[in-house]
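S.K.: Chains as they are written, first to last, in my numbering: chain A, 1 to 317; chain B, 318 to 634.
Hints listed in this document are in silico derivations from the structure and should not be mistaken for laboratory results. Each statement offered as a hint is correct.
Stretch-level coverage of chain B by chain A, calculated; a stretch enters the list once three of its residues show a Cβ under 8 Å from a Cβ in chain A:
hint : stretch
1    : 461-475
2    : 483-492
3    : 561-575
Taking lysine to aspartate or glutamate pairs in the EDC-like style, the calculated list, with each CA pair at most 16 Å apart, reads:
hint : chain 1 : residue 1 : chain 2 : residue 2
4    : B       : 519       : B       : 539
5    : B       : 601       : A       : 71
6    : A       : 58        : A       : 96
7    : A       : 284       : B       : 388
8    : B       : 348       : B       : 359
9    : A       : 58        : A       : 307
Virtual Cβ for every residue (Gly too), placed ideally from N, Cα, C.
In case you want the letters, here they are:
2 protein chains.
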Amino acid sequence: MTTLIALDIGGTQMRAARFAPGEYPPQEIRKVPTQNPESSPEETLFQLVESLWPADGKVAAIAAALPGPVDLQQGLLLTAPNIPQWRDYPLPQRLEARFGVPAAMDNDANLAALGEWRFGAGRGHHYLLYLTVSTGIGGGVILNDRILHGARGLAGELGHITVVPNGPRCGCGQRGHLEAVASGTAIARQARAALESGTPSKLSLHPPPTARQISEAAAQGDTLARELLAQAGYYIGVALADYLHVFNPTCLIIGGGVSRSGDLLLDPLRAALREHVMSPEYLKNVTATTATLGDNAGLMGALALAEQTAFERPATR
Amino acid sequence: MTTLIALDIGGTQMRAARFAPGEYPPQEIRKVPTQNPESSPEETLFQLVESLWPADGKVAAIAAALPGPVDLQQGLLLTAPNIPQWRDYPLPQRLEARFGVPAAMDNDANLAALGEWRFGAGRGHHYLLYLTVSTGIGGGVILNDRILHGARGLAGELGHITVVPNGPRCGCGQRGHLEAVASGTAIARQARAALESGTPSKLSLHPPPTARQISEAAAQGDTLARELLAQAGYYIGVALADYLHVFNPTCLIIGGGVSRSGDLLLDPLRAALREHVMSPEYLKNVTATTATLGDNAGLMGALALAEQTAFERPATR
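Chain A on its own, in the form it takes in the complex (with noise of 0.2 Å):
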């Protein structure tokens, strides 16, 4: 029996599990504080993959989602937010030399289509997209059952398109991006502009509300609310309908936090995306939908990741 171990790795912790073949649940799954005074993030991790080593010491394959943008032509995590030590850092080839197994690396939004797409709400579709709506907005795109990379592995940000030409300033320093208007900063930030000029809701201005209160205030019938979260789901559905007539995809899936709000944001979204789809033939057997994995998407995609790696290089020894 070779196991795999899928690894999906945060800003603030690390979370490794060990899957038998073909099978999910994980055997185990264990997670750590990403920074900590004893050791480097990379010490860190390999620990934590040790840890998890089964007792044949058979494995065959390790693979990892990263929080930041990947190369992977040269085969290099370029930046993760809150590890500055990884600029530029080498991941797959690290834990190749430590463990003497194939691994391979995509950035998280990637690997939780991947793992929507094999495991979640996107079975059976072979052109998907995946949007991620929380902090930020990251994205990940499915065609013909393979992850679109792009020349150098940076393809698949739907969070930075622009749909509010010189609008509000986004996480990227653009303008305008979905991200700036419809992520779950944005919301937060228009609800207090909302507040602050007066607009009734339950919802408190001392300390201002987050993404979070705010579904919640949603949820129970809080009109604010509920009008932040429908311009959320206008704004994604704008750029999806740009997106299908791009991709011409069977499957959109809403995932992140913002997506729990479930057909407070959905419903929106659909409307919008019918009003400006340019041909209905670009919504026929369309599916829009929220995603189904939570908060193990980019695990799960590192499972289909490490599945894909074992499959197409076989551990030799």
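Chain B: place on chain A using the hints.
M.R.: Coordinates of chain B only, in the frame set by chain A:
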């Protein structure tokens, strides 16, 4: 020796070319009007292909560039402007039934992209975006050396993303798409509005200038004409910046009549690209250039498709 036949079918005329394997230019090229009072478009096309048939009778494949959206899953040309007889028309199946050789089709923008990738400005690139800027704005996307078709063959409509929310009406019926603000039609409309409001220019309002006349005036230094081309270049650059984030290509090719203005369009386009990209990583080793195949891009793309078709489905006789 087995011949390839490439077809470029437009609403006004049909062109056909016969190629020896691996050779360019064609051995023979013919064109006829698409509509004539004596025969149906299909019969006209069949006669055109017959007239090019080689003496030895050996044709490896036929491929056609078509002026409308195709459903490759069902093998149908969905619609074609000015060829009302061809709604939901199974062209490859009809050609195969009539001539007994493998046949394929794609829309002309996809095949122009493939032509530039195989024979033109995109040679050597694996990830390429092609925009044809003429009456409308069409697009084609090459990813990992293949045309992006999406689930049903409707992908690649790069002219139909929103760049000016609630902006001018687009050819597709939506508002503010790239086509609606940067196509030849849009440039001509903007010129007319500027002239009507008294903006000084060498251009005449009676009759209103065409996109070609605006290009000519720009080449001669006319300020208004240059500003209009610069604005179109700006909008195309903004859209391409979004597309860099989504596709991470290494080559951006602008074709179509408006692209003949060269740097008057491309300089502002490149400036907008630099200004709107979320990270300089996306511009590393990226070429933004004009097409080199001109009006033959579709025909040469059909040749490339015929090559692929002959390779993938070798004739059995």
